[in-house]
Amino acid sequence: MTEILKTEGLSRYFGAVTAAEDINITITEGEIVGVIGSNGAGKTTFINMVTGYLPPSSGTIAFGGAPIKGLGPRKLMRKGLTRSFQIPQLFLELPVIDNLAIALASAEHNQFQMLRPVRTPRRLAAADNILEQMNISQYRDEMVTAMPQGARKLLDIAIAMLGNPKMLLLDEPTSGVSMEEKYTLMDTVMEAVKRRGLTVLFVEHDMEIVQRYVTRVLAFASGVVIKDGPVDEVLADKQVQELVTGKRKKQPETEGDA
Amino acid sequence: MKLERTELSLIGVAVAVAILAQFSPNWLVFTLTLAISTALVVMGVVMLMRAGLVSFGQGLFYCLGGYAVGLGGRFLGITDALMLVGLGVGVTVAISMVLGLLVTRYREIFFAMLSLAFSMILYGVLVKSHDLGSTDGFGVVDWSILGYQPGTGESGTRAALLLALVIALAIALFLNRYFKSSLGLACEAIRENEVRVEYMGISRQQVLYINYVIAAAIGSVGGSMTALTAGHVDPTMAYWTISGEFVFIAILGGTGHVAAPFIAALIFTLVRTYAVELAPNAWQMILGIVLLLIILFLPKGIWSLFTRKRRTAS
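So the sequence lines, in the order shown, correspond to chains R and X.
Using full-length UniProt numbering, count along the first sequence one by one with no gaps and you end on 258.
Using full-length UniProt numbering, count along the second sequence one by one with no gaps and you end on 314.
Be aware that one or more of the hints could be misleading.
As the list claims (entries may be wrong) - Interface residues of chain X toward chain R, partial, derived using beta-carbon atoms under 10 Å:
(1) 80
(2) 177
(3) 180
(4) 182
(5) 185
(6) 186
(7) 188
(8) 192
(9) 193
(10) 195
(11) 196
(12) 199
(13) 204
(14) 244
(15) 247
(16) 248
Simulated from the structure, these hints should not be mistaken for lab results.
Note that beta-carbon positions come from the ideal geometry of N, C-alpha and C, so glycine has one too.
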């Protein structure tokens, strides 16, 4: 399999605080990789560095074999590396259809003609198709503010998928979504991902979601990757259970142990 | 090119105003022309507001347009109105292309203050320029249009109105399409969420820069038309209170439609005219109360009355 994303010695420090340190990972095309870790473990910092939102303090990042360190979100998107956000980043006071139409226009590269309307029949048809795939057609002409959180997440992910990306990074796609909606949302997303043949890296706190949808897991703790491997193996690891999933509490030391 | 309903309405209104003006008193024609000229500058303010930027320095481009007319007639011997307006646009585009590189990097209060600072620099330079009449300014040459010289007085006023109407209509038609275009909508997208815009692969810097330069050019046309109508230019065109008036009118009308600045500018000009007449010592207070009421009851401007009505009807 061809490697699509590779990081070597990737670190990020905020003054004396280590947010991420010496992250070395390789992801191959078509993989669905979960990123787990407790709050402050460095997951989002890692995603932010890879997607150009945060410059790394040191280390290298390669995408499709080419170095991408220092490139901003715009250039990375053009290379096929895109993302969604923990808090959906949408145009709240614009209709849902316009959120997609702008994204579609941008995805066409030669988009910004001053007098050509953004709502062309072709773009509207494409936007309707996306809304249908994501099961959010009912919000087509509503302002984004009128959408529930789950629908906003889907729209955010749908926008990230436009422009023929090769790899998608999802930051906590199910956070803020009700228990009932979680699996429907993930089923919809994964179906769209598989249809497009995307490589996915997603941050998730819900271990049931992780077990159900990913094949490989990166476990983060205190800014470093403590375990990288198949999902069952990682989740069964004692250190991961102790530091990430919380299934195994560290036994308190007794006087007699000394 | 197929015309939309809004465009047909704009053309209809412009024709109706042109006809009605023939039967209107000269003072009203003069006031109307000034209101249209002001509306053009406000249109530039609206363009920036749609992108989330508030300019307290649009007077800079208004003044540049006005002084280009004055100086073009005085030093270059140009008398054709279209050429004078074109000269203003050329100068303004050149200057805004330089300033835009800096100011479009800033947002919120920093953009507002930076734009204000540049307009005040021009004000300061003009006030110190004794050859240009200092604070008194100077008169504009008798202009002609395509060989026809309307002269001063009533015929000049009516010719200025027709010219302002034609130019304003062309700009309104352009902006109507611009607001619905990818570029126009990208401005609104930037106002809503710059992070998402970048992750869509759109250069917010480029979008804001183009928007800024177009807004400046349109502001300059407003200044040129004011100079041609009033026959006089002075440094107060660049003074910050004038820029504040443009923001006032933009808030009054709202940013929802190209027609909004025209309606708001007309209301503003008439309210001010009558307020000055009826309450010479309290007219600013009257304007303040009007703005307060608009902000309280119509936060999206006068134009929201029309959209509300339409929504209720549907």
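Cross-check of the supplied hints:
1. 80: Constraint on residue 80 of chain X not satisfied, violated at 27 Å.
2. 177: Check passed: Cβ of residue 177 of chain X comes within 4 Å of chain R, closer than 10 Å.
3. 180: With a closest approach of 5 Å, the residue 180 of chain X hint holds.
4. 182: Nearest chain R Cβ about 4 Å off; hint holds.
5. 185: holds, 5 Å
6. 186: Residue 186 of chain X check passes; min Cβ-Cβ to chain R is 6 Å, inside 10 Å.
7. 188: holds, 6 Å
8. 192: Status holds, d = 4 Å.
9. 193: holds, 5 Å
10. 195: holds, 5 Å
11. 196: With a minimum Cβ separation of about 4 Å from chain R (threshold 10 Å), the hint on residue 196 of chain X holds.
12. 199: Holds, about 5 Å.
13. 204: holds, 9 Å
14. 244: Violated - the Cβ of residue 244 of chain X stays beyond 10 Å from chain R, reaching only about 25 Å at its closest.
15. 247: violated, 20 Å
16. 248: violated, 23 Å
Violated hints, in rising order: 1, 14, 15 and 16; the structure is consistent with all others.
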